[in-house]
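Starting from the known structure of chain A, arrange chain B on it as the hints suggest.
The listed protein sequences derive, respectively, from chains A and B. Just so we're aligned, residue 2 is where the first sequence starts under this note's numbering, counting upward by one. Just so we're aligned, residue 7 is where the second sequence starts under this note's numbering, counting upward by one.
Heads up, some of the hints might be wrong.
Said to hold, decoys possible - Chain A residues, not near chain B, derived (Cβ > 10 Å throughout):
1. Ala13
2. Leu16
3. Pro18
4. Ala19
5. Pro23
6. Gln28
7. Val101
8. Asp103
9. Leu150
10. Asp180
11. Ser201
Unchecked claim - Label pairs and their computed distance ranges (CB to CB):
12. Pro182(A) <-> Gly62(B): 32 to 40 Å
13. Phe31(A) <-> Gly62(B): 15 to 23 Å
14. Ala144(B) <-> Gln28(A): 42 to 50 Å
15. Leu25(A) <-> His28(B): 37 to 45 Å
16. Gln168(A) <-> Arg38(B): 43 to 51 Å
17. Gln28(A) <-> Phe77(B): 32 to 40 Å
18. Phe31(A) <-> Thr83(B): 22 to 30 Å
To be verified - Calculated Cβ distances over 12 Å to all of chain B for the following chain A residues:
19. Pro12
20. Leu15
21. Gln17
22. Ala21
23. Arg29
24. Pro54
25. Asp113
26. Leu125
27. Pro166
28. Leu167
29. Glu169
30. Leu206
Because the hints were derived from the structure by calculation, they are not lab data. Where a beta carbon is used, it is the ideal one built from N, C-alpha and C, also for glycine.
In case you want the letters, here they are:
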Amino acid sequence: MSTSLATQSLPASLLQPAFADPVLDAQRSFRAALKALAGPGVAQSLLATQTPPHLEGLAAASHALCLALLDVDTPLWLAPTFDTQAIRANLTFHCGCPIVSDRQNARFALLDDSQLHDLSGFDLGNDRYPDQSCTLLVQLPSLQGGTQLAWQGPGIETRNHVSLPLQEAFWREREARNDFPRGIDVFFVAGSELLGLPRSTQVLLKSQPANLQPSRGAA
Amino acid sequence: MTATPAQDTPDAAAPDQAARQHWIGVLARSRRAELLPHEAALRDADYQLIRAPEIGMALVRGRMGGSGAPFNVGEMTVTRCVVRLADGRTGFSYLAGRDKAHAELAALADAHLQGARRAHWISDLIDPLARAQDLRRAQQHAETAATKVDFFTLVRGEN
Chain A
2 MSTSLATQSL PASLLQPAFA DPVLDAQRSF RAALKALAGP GVAQSLLATQ TPPHLEGLAA
62 ASHALCLALL DVDTPLWLAP TFDTQAIRAN LTFHCGCPIV SDRQNARFAL LDDSQLHDLS
122 GFDLGNDRYP DQSCTLLVQL PSLQGGTQLA WQGPGIETRN HVSLPLQEAF WREREARNDF
182 PRGIDVFFVA GSELLGLPRS TQVLLKSQPA NLQPSRGAA
Chain B
7 MTATPAQDTP DAAAPDQAAR QHWIGVLARS RRAELLPHEA ALRDADYQLI RAPEIGMALV
67 RGRMGGSGAP FNVGEMTVTR CVVRLADGRT GFSYLAGRDK AHAELAALAD AHLQGARRAH
127 WISDLIDPLA RAQDLRRAQQ HAETAATKVD FFTLVRGEN
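Same shape as in the complex, but just chain B:
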């Protein structure tokens, strides 16, 4: 999946693509409450909805242990949206769940991030979101790690 899209992208665009993958990932993991403070700034541009926010299903597949044979985990709801700013930049979003307003804001953020004020949006929006997500992830790992039980056998009394 990662290899195929890279084919038709020139090498110069590769860092751009990686950066965009990063911010789209951060936006996808963000919470609506975290985007709402930026709502006014995000909507402060003429834009039209190319694809109004819509809810659908996506099949999640996984591999046992990360390397086994693929199997279908189940279906989840996904909301997607595409917006176009007046200057032609097009923003896409795909989010887990059914929050249409959130999807629209995330798509607007993607569009803004492709413009001249990228650095501003990265430092203002993406970096704080990424830090909050890292924190949540670390917390969850710590909580999960505390419940881990290591089984081992000192001596088996068979001999």
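Here chain A stands alone, though its shape is the one from the complex:
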């Protein structure tokens, strides 16, 4: 019911098709998301044939992740960049997800790189249900080009070297909100590629390697 009312206030002319094969394409995107979180720092790419038609403002992989992950039970928070009529209309129509203005109530959030200096307000889950935290979908211009950092933790054999184009402020924000098992899982998305950063991954920052990783193989 809430779905039909939400779409009603937006013009139907904004709607456009989603996945060509709703079941299999959503499963392929979900599989890519699963692999991205299981192997943090390794980029997964979606084939052009399994991504939905271009939706203004969203990268192919962001759009595919939204269609695969969102439904009526997952309130979505949109950063101002993505809060357009076309994105609202299509996500509420195809996913049926409620779009919330309050970060605290969101299960998923769609952000761009202008938002990453402040991650306050997102639900970190609680000790009994850490899985109820908010998952961030962060759309970047590229998954390369920043300072190279070493990632380690579950799913990484030794170390993964990842050079996401992010400000240091993001890593400080993430560190401040990581209180295992509570914390935030992040998908970084650019074009048709995605890369996972679960809360369990340790990121070795140059300025503080000694705290996290004493002496052992400081590359």
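Chain B in isolation, oriented as in the chain A frame:
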């Protein structure tokens, strides 16, 4: 349910909305065989599927006697479809059952009915369908009414 959507619709659009509710209802109750003769005319336009016909479940709720407390009758299959014609008109359909072709035709009909040739489509498609449905309904009522038994007591032999 009827009151809520009316809120954000201006008064001028209300007759339009009632008319659309009527034809969408008629299309939902139509039979596939009744739409098939119009298939060529309905498909005679460039269109794309915004939501390809898909089958799902809907929970049917009822009230005992129409006014009692609501209860869940059960689930039924529903097929829905959304199409967009080349000129931007968007047609929706929700049908009982699992007939995808039927859902696509009904959505196309809704899209065509929002255009300039509405009167043509109403007289050609909707009115005959509505008449056939009224006839079926009347027949079923007549058949059911013939089986009705009225119980009454003339005299109770207690006094």
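Hint-by-hint comparison with the structure:
1. Ala13: With a cut-off of 10 Å, Ala13(A) comes too close to chain B, as the shortest Cβ separation is near 4 Å.
2. Leu16: violated, 5 Å
3. Pro18: violated, 6 Å
4. Ala19: violated, 8 Å
5. Pro23: violated, 7 Å
6. Gln28: holds, 15 Å
7. Val101: Holds: least Cβ distance 20 Å, greater than 10 Å.
8. Asp103: holds, 22 Å
9. Leu150: Check passes; 42 Å lies beyond 10 Å.
10. Asp180: Holds, because the least Cβ-Cβ distance between Asp180(A) and chain B comes to about 40 Å, which exceeds 10 Å.
11. Ser201: Given a closest Cβ separation of 36 Å, the condition holds.
12. Pro182(A) <-> Gly62(B): 32 to 40 Å: holds, 35 Å
13. Phe31(A) <-> Gly62(B): 15 to 23 Å: holds, 19 Å
14. Ala144(B) <-> Gln28(A): 42 to 50 Å: holds, 48 Å
15. Leu25(A) <-> His28(B): 37 to 45 Å: holds, 38 Å
16. Gln168(A) <-> Arg38(B): 43 to 51 Å: Distance hint for Gln168(A), Arg38(B) is violated at roughly 59 Å.
17. Gln28(A) <-> Phe77(B): 32 to 40 Å: holds, 36 Å
18. Phe31(A) <-> Thr83(B): 22 to 30 Å: holds, 25 Å
19. Pro12: violated, 9 Å
20. Leu15: It is violated; Leu15(A) is separated from chain B by about 9 Å at its closest Cβ, not greater than 12 Å.
21. Gln17: violated, 7 Å
22. Ala21: Ala21(A) not clear of chain B: closest Cβ-Cβ about 9 Å, inside 12 Å.
23. Arg29: holds, 17 Å
24. Pro54: violated, 10 Å
25. Asp113: holds, 27 Å
26. Leu125: holds, 34 Å
27. Pro166: Pro166(A) clear of chain B: closest Cβ-Cβ about 35 Å, beyond 12 Å.
28. Leu167: holds, 36 Å
29. Glu169: At roughly 44 Å from the nearest Cβ of chain B, Glu169(A) sits farther out than 12 Å, so the non-interface label holds.
30. Leu206: holds, 46 Å
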